[in-house]
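A.B. asks: The chain contents come next:
Number of protein chains: 4
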Amino acid sequence: MKKLWSGRFSEPVSKIVEGFTESISFDFRLWPYDIEGSIAHATMLARQGLITDSDKESIINGLLAIAEDIENGKFTFSKEDEDVHMNIENALSKRIGDAGRKLHTARSRNDQVALDVRLYLRKEITDILKLIQDFRHRLVTIAEQNLTTVMPGYTHMQIAQPVTLAHHLMAYVEMFGRDRQRLEDTLRRVNVMPLGACALSGTSLNIDRLYVAELLGFEAVTQNSMDSVSDRDFIVEFIANSSILFMHLSRMAEDFILWFTKEFAFVDYSDSCTTGSSIMPQKKNPDVLELMRGKTGRIYGCLINILTVMKALPLSYNRDMQEDKPSLFDAVDTVKHTLITINEFFKNIEFKKERLYNASFDNFSMATDVAEYLVKKGMPFRIAHETVGKIVRFCIENDKRLETLSLSQYVSFCDLIEDDIFDILKPEYSVNSKKSIGGTAPEETKKLIEKLKKTELYENNT
Amino acid sequence: MKKLWSGRFSEPVSKIVEGFTESISFDFRLWPYDIEGSIAHATMLARQGLITDSDKESIINGLLAIAEDIENGKFTFSKEDEDVHMNIENALSKRIGDAGRKLHTARSRNDQVALDVRLYLRKEITDILKLIQDFRHRLVTIAEQNLTTVMPGYTHMQIAQPVTLAHHLMAYVEMFGRDRQRLEDTLRRVNVMPLGACALSGTSLNIDRLYVAELLGFEAVTQNSMDSVSDRDFIVEFIANSSILFMHLSRMAEDFILWFTKEFAFVDYSDSCTTGSSIMPQKKNPDVLELMRGKTGRIYGCLINILTVMKALPLSYNRDMQEDKPSLFDAVDTVKHTLITINEFFKNIEFKKERLYNASFDNFSMATDVAEYLVKKGMPFRIAHETVGKIVRFCIENDKRLETLSLSQYVSFCDLIEDDIFDILKPEYSVNSKKSIGGTAPEETKKLIEKLKKTELYENNT
Amino acid sequence: MKKLWSGRFSEPVSKIVEGFTESISFDFRLWPYDIEGSIAHATMLARQGLITDSDKESIINGLLAIAEDIENGKFTFSKEDEDVHMNIENALSKRIGDAGRKLHTARSRNDQVALDVRLYLRKEITDILKLIQDFRHRLVTIAEQNLTTVMPGYTHMQIAQPVTLAHHLMAYVEMFGRDRQRLEDTLRRVNVMPLGACALSGTSLNIDRLYVAELLGFEAVTQNSMDSVSDRDFIVEFIANSSILFMHLSRMAEDFILWFTKEFAFVDYSDSCTTGSSIMPQKKNPDVLELMRGKTGRIYGCLINILTVMKALPLSYNRDMQEDKPSLFDAVDTVKHTLITINEFFKNIEFKKERLYNASFDNFSMATDVAEYLVKKGMPFRIAHETVGKIVRFCIENDKRLETLSLSQYVSFCDLIEDDIFDILKPEYSVNSKKSIGGTAPEETKKLIEKLKKTELYENNT
Amino acid sequence: MKKLWSGRFSEPVSKIVEGFTESISFDFRLWPYDIEGSIAHATMLARQGLITDSDKESIINGLLAIAEDIENGKFTFSKEDEDVHMNIENALSKRIGDAGRKLHTARSRNDQVALDVRLYLRKEITDILKLIQDFRHRLVTIAEQNLTTVMPGYTHMQIAQPVTLAHHLMAYVEMFGRDRQRLEDTLRRVNVMPLGACALSGTSLNIDRLYVAELLGFEAVTQNSMDSVSDRDFIVEFIANSSILFMHLSRMAEDFILWFTKEFAFVDYSDSCTTGSSIMPQKKNPDVLELMRGKTGRIYGCLINILTVMKALPLSYNRDMQEDKPSLFDAVDTVKHTLITINEFFKNIEFKKERLYNASFDNFSMATDVAEYLVKKGMPFRIAHETVGKIVRFCIENDKRLETLSLSQYVSFCDLIEDDIFDILKPEYSVNSKKSIGGTAPEETKKLIEKLKKTELYENNT
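Residue numbers (the numbering used here), protein chains in the order written: chain A, 16 to 477; chain B, 16 to 477; chain C, 16 to 477; chain D, 16 to 477.
Copies of the same chain are indistinguishable here, so a pair counts whether it falls within one copy or spans any two.
Straight-line distance between alpha carbons at most 30 Å, and here's what the computed DSS-like set of lysine-lysine pairs gives:
#1 K145 with K30
#2 K450 with K462
#3 K277 with K367
#4 K405 with K30
#5 K441 with K461
#6 K351 with K94
#7 K362 with K415
#8 K450 with K367
#9 K362 with K30
#10 K17 with K415
#11 K138 with K94
#12 K415 with K391
No lab work stands behind these hints: they were computed from the structure.
Start from the sequences and build out the full structure, keeping to the hints where you can.
C.D. replies: Below you can see the structure in the form of structure tokens.
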């Protein structure tokens with residue numbers, strides 16, 4: 016079959032080359048945006064007198080009919096037509112004749128694909144923002160149920176100080192909140208209209224780019240035609256932000272995989288959200304969490320993919336850029352699938368509160384409380400730190416715990432210590448006392464949640 | 016020497032372990048921020064009655080004296096003291112005694128290092144924003160001098176259509192403008208105060224985090240103490256944005272390396288900005304551009320470094336995070352050094368205007384103009400495209416150029432073509448006609464530059 | 016449907032979780048290896064008396080029937096059965112009853128998937144080695160036709176010294192030769208048999224791993240069962256080697272894209288191997304080369320993907336590892352598709368010999384020959400270099416070329432120069448004189464090619 | 016100061032450009048190899064009659080004197096002289112006059128730097144191979160002491176089956192054994208002599224490359240001069256292999272960090288190999304392991320750095336390649352420093368054998384043994400698996416363990432079960448029974464270690 020651009024060519028394209036250069040096998044998913052963009056373009060062309068109203072009607076009806084056929088599985092995409100743009104334009108011309116041959120007036124695939132991808136990504140980011148919010152809502156709900164659930168807080172994977180489960184979960188809410196912010200920043204740069212840049216230099220035809228932008232709901236139009244067709248920043252940005260999101264998801268996965276070990280035993284997951292072994296009859300594995308952790312590699316890989324593609328490409332458009340889509344689509348699908356699944360997964364977590372409480376005062380976790388107690392009694396912090404360090408060493412050597420030392424043993428280390436020391440040697444005291452902004456005190460966490468709810472958290476209408 | 020945290024330890028740290036875990040060999044550069052943060056912290060502690068005013072005075076004077084010593088090269092950083100924080104705190108206690116031992120009240124290295132890095136990066140991003148603006152100003156200045164300098168525009172590294180040099184340069188201005196925007200977005204997330212999170216759970220001492228934020232010029236305080244000490248998003252974001260910036264720099268480098276080849280010969284660079292060969296006496300090489308292109312790898316590497324470090328780390332702080340600094344510092348230095356150098360480099364470019372003009376109508380670059388001419392005469396674009404394709408094939412086979420065909424030859428392909436065809440077969444006509452928004456017409460570029468100047472471009476006071 | 020491992024579970028798996036954890040949508044391609052491995056396993060089980068001969072026969076016949084159905088498109092893979100292993104085992108049990116339920120004796124999916132991927136990759140590397148050799152053969156053939164085709168050699172993308180086209184092409188032959196070597200090294204580590212490791216600890220059943228290895232043509236068996244199920248080195252290695260291969264392909268692509276520019280004009284490509292523009296009727300673009308360059312990002316991305324997946328996974332098997340396959344399959348497909356296409360592409364290159372010759376003595380490319388001439392006359396090289404540098408500067412300032420200076424002008428710079436200087440100022444002299452091993456002299460290149468042919472080059476039976 | 020290549024230049028290099036392009040600040044470490052290479056080169060030049068014997072003597076003595084000065088800190092490297100090569104050549108000429116100016120005969124920095132880096136890397140890989148062997152020896156020693164130390168084996172971070180500590184440690188020995196193999200493969204490709212390629216095309220002077228190779232202990236010489244100066248494969252390969260090595264180190268780190276948690280409590284580390292907290296007096300953190308895990312990012316980053324640098328560089332040498340060294344040096348230093356430190360760290364690990372034993376039969380870890388027991392009694396494996404799954408579920412619901420069920424309870428699930436079931440419900444029985452090759456049975460591990468010792472393991476004289 017003849018290519019739409021074949022006028023100057025004397026030989027048809029080799030089948031091997033055609034198979035290597037086609038993109039329809041993956042860019043077909045852009046069809047709704049390609050058709051939406053073409054309808055807006057045709058509407059503008061007619062308004063500017065570049066095509067007749069009757070041509071416009073034919074084009075729009077033809078495109079809508081193609082859309083319907085695609086939706087109903089009646090449209091065959093062909094590799095000979097290379098990409099989604101040529102497949103649709105070619106089908107249109109076959110259906111409606113010369114009017115179809117006017118659609119590409121003042122347009123190149125270079126600006127057309129930029130438009131389609133921006134429309135696609137605008138939609139997908141909007142969906143992802145909603146999924147992030149859904150998951151943050153779930154975390155907040157669980158946090159609210161666990162404001163006073165005491166558990167060990169860790170640094171270096173060693174028990175450090177008692178915290179609350181709510182506080183731990185709200186750390187993720189903060190992390191995913193920043194992810195949301197970053198994607199919103201990116202959305203502003205996605206939401207700019209490139210059509211009209213044509214091949215790279217604009218056009219001598221009297222088009223109206225602002226009108227197309229208005230029709231398609233864009234906030235602005237691109238300001239330089241060469242940049243318009245060679246810019247893929249918005250894709251890189253999206254995947255970079257997705258990488259940070261997945262970095263967060265992998266950290267959360269790690270926490271919950273750890274907590275599900277026999278050794279930690281902080282949580283249990285529903286049988287419906289775990290899987291078994293083909294050989295070991297007793298196994299119940301947290302595969303969802305492991306796969307979420309593993310898919311981080313996929314997103315980091317997508318990021319390096321697009322960054323490498325774009326490295327050192329001279330202006331303006333180069334065919335290398337066709338390779339932007341497989342990694343973009345993979346990133347979008349992986350982000351969405353994972354957010355939906357982890358949200359489902361979190362419906363069914365059982366926290367083992369007694370175990371969490373008992374672990375919370377393991378490993379001398381209240382040693383810092385004792386040091387702060389000494390500071391309040393007037394001891395310089397650095398000396399208090401050393402004093403408590405010695406008490407801990409004594410406990411280790413004598414197989415004691417901070418709460419089982421006698422007052423006289425305490426006093427032998429420091430005579431500032433009095434009977435009130437035992438009041439503070441309780442995990443619940445420890446967490447209640449951390450009232451600094453963002454500290455783990457339940458009342459502070461409650462305040463933060465209420466504040467969040469009044470701001471952007473419960474809005475989920477992006 | 017005894018570590019400040021050694022109370023509970025019965026053996027000193029092995030020298031090999033000390034050498035592996037120390038960070039002072041690279042984090043010493045944070046000293047001004049460490050001291051600035053400690054002064055604010057001490058000021059707050061005194062105001063809250065956690066230390067006396069006289070302790071505060073001693074601390075501040077001691078810290079200022081240390082700062083002076085460091086600046087004058089009279090301070091020896093020691094690996095035994097591990098990091099910049101311990102080096103300074105330890106020196107302070109040695110100098111001023113017990114007051115120094117109170118400085119670490121309600122503070123951990125976990126929140127302290129987060130504070131220091133945020134102060135450091137806030138300063139560096141501000142500097143980088145200025146350097147980006149400086150370079151954009153230079154590009155705009157050159158563009159203004161070349162509004163009507165016609166040159167070939169490329170897609171697929173093939174001459175595509177005539178553009179102006181100004182238009183080409185303004186594409187970079189757009190690209191670096193987005194880089195600036197992204198870094199400003201990041202700056203908002205850098206400019207949040209983490210101190211007071213302490214180890215991970217906040218403190219039972221009555222601190223005032225908002226006052227510390229005010230003293231240090233932060234817009235907000237972090238809202239969750241666990242997140243405060245385990246968050247490195249702001250570093251990842253900065254390096255991701257730097258990666259996109261370098262992707263742009265590498266593309267510009269590629270253009271200017273190409274243009275400097277004997278074959279393109281579009282530009283000449285000053286002898287003062289090029290280098291020679293140790294063996295080939297005639298060589299004059301564009302090393303600055305090549306190194307700029309090559310350093311893209313460095314920044315991409317920094318990005319993968321920090322993303323890998325953070326992957327799947329459970330909450331909250333883990334020592335792996337110490338590895339955030341070498342890549343951050345390398346990225347900051349590379350970005351700044353490169354922007355300064357490329358700005359210098361662009362002072363001395365000579366554009367070969369005659370060569371640019373002559374190349375601009377090579378490769379039948381005005382074929383699209385002919386197609387648009389036919390569209391204006393009423394031919395559907397797709398048919399116009401094919402018709403001009405055939406004309407081009409005829410030219411190739413007969414060794415002709417579009418501007419050397421006779422009218423009768425044109426008419427033999429399409430009787431819509433008239434004598435006015437020759438009016439459009441001039442590169443200057445071609446560029447003047449591209450008046451669509453962002454098109455290459457000089458008047459359009461001029462308008463864009465004027466618009467930019469009124470907005471954020473000439474502000475460089477970030 | 017009930018999972019094969021569901022004995023200990025009280026609830027079925029959620030559909031969302033099933034969709035997230037399944038791998039059949041991509042690992043179905045392992046089916047021939049899964050069946051091959053199962054047949055060998057059953058053969059061994061029977062020989063060891065762990066199943067009866069009649070069970071073995073049923074199993075083998077059942078598996079062969081399944082294979083036939085898959086090949087004929089009559090087998091439906093189901094997500095409920097998770098992966099290719101369970102799909103086939105489950106189908107087998109349905110078809111042949113209890114004998115099928117014995118197949119998984121002394122086997123886990125953990126060692127089974129390791130076996131399948133090793134069988135798959137062994138086959139694919141063997142194919143890729145052949146494709147690399149085919150392409151090297153093509154390059155050698157073109158080199159042999161161009162032993163004396165003189166062209167400019169470049170450093171810093173600046174004309175440096177004359178070389179031959181054969182010499183330039185043989186540089187790629189060396190590069191791809193190392194790629195072949197590396198893949199052969201990797202193949203040794205792929206070709207090790209993991210089955211029998213079972214879940215992670217081996218088995219108490221009396222199996223014969225060496226016999227399975229023999230049946231499947233493996234050179235060795237793995238030596239530690241925990242390592243056997245958690246090792247993915249062979250995948251990382253393969254993708255790392257593919258990354259270097261693509262680095263080479265991207266460099267070659269860049270050369271040939273440059274050479275196809277109007278400005279270089281060193282080559283022409285067949286219309287059948289290039290593509291056009293949707294808007295610009297004259298365009299003929301080297302898309303194959305651009306896409307080959309772009310796909311480098313894809314392979315680098317696959318490498319970061321698998322490295323990230325494996326980072327910090329504790330022993331032994333973790334479900335994250337399921338994410339090894341999408342990147343492995345993508346890398347294999349991309350490598351093969353690209354090698355086939357570039358080989359096709361090189362069938363049709365036309366080198367423009369006159370243009371190559373004329374460019375070869377541009378940019379004072381023989382200046383080094385003059386310096387070596389002076390060395391032969393007794394001048395220290397460093398002084399010769401500087402002297403020729405001054406001659407070049409004189410030429411630039413006076414718009415001369417080295418071959419158009421008069422003898423007296425030469426002598427004014429250095430009285431060692433005599434009339435024989437003009438003998439060497441010919442590109443063919445220059446290349447002929449570079450007789451050092453690996454130098455560009457045609458006779459040296461010829462010798463190298465003959466040597467290569469006697470060694471491994473023309474063997475393509477790996 | 017005048018550059019050695021400045022003959023054709025009319026202006027000195029700008030200071031900013033000089034600062035950006037210099038490499039002496041990092042390539043100075045190549046000085047011993049630069050001098051070694053230059054001595055060999057001069058020796059060859061004299062033997063070929065290209066310089067006199069007396070010049071050769073002067074050069075060698077001059078170079079040795081420079082080497083001594085550098086070692087004694089009496090030599091000042093200068094940025095004006097750009098790189099290590101020019102610094103040394105320039106100093107030599109200043110010291111010995113014209114003889115020094117002859118050293119660069121038939122040599123370019125392009126082949127010189129390739130030589131220096133190959134000499135450097137050959138040395139470093141040899142050192143690293145030794146360090147890997149040292150560490151493998153340490154692991155084997157600990158394994159030999161723990162052949163019968165039973166512990167839980169994990170999949171999905173869930174207790175799976177009992178294994179021995181020796182078996183677990185030998186998995187690492189296998190992993191690091193492959194790392195060693197890969198580096199040896201790379202060493203073959205490093206150990207090839209590039210000098211004589213000169214700028215890119217070889218030389219017209221009568222040099223003897225084989226003699227230089229012999230003097231410097233190279234096994235072969237490069238076969239194509241363009242490839243010789245543009246090849247950086249050996250660097251990429253080294254860093255790729257280092258990435259896999261660090262992937263292994265990060266996995267081992269993760270195991271040992273987990274085992275050191277209070278919850279696992281499998282190991283204790285010496286106070287001399289751990290560090291404390293600035294705020295929490297009780298903390299003892301496994302920083303060495305965390306930093307080892309974190310430095311994985313550094314090496315992955317180095318890999319992406321060099322791969323990105325090399326992407327799409329046209330032949331032959333480009334200045335971008337100067338950026339190969341910072342990442343190579345960083346990778347070499349990090350690998351060596353980490354191997355030395357982890358070896359030290361492993362001197363002091365205390366394994367808590369009782370805790371390991373008790374954990375080994377947690378989580379129904381012998382369920383697979385029961386299934387294999389049933390297989391031996393004649394039940395098809397898949398049915399045995401399901402039967403045991405139901406027994407496990409019964410245990411969970413009734414808070415029982417496999418070893419505390421009564422025979423009648425067992426029989427109620429399957430009447431094949433007899434009194435001998437209790438013989439196998441011991442972790443030591445479980446591990447002893449895994450006698451398949453590479454299985455966890457102590458006698459099998461012992462056999463493997465003895466086999467290893469006879470082969471390459473105890474050779475450490477690479």
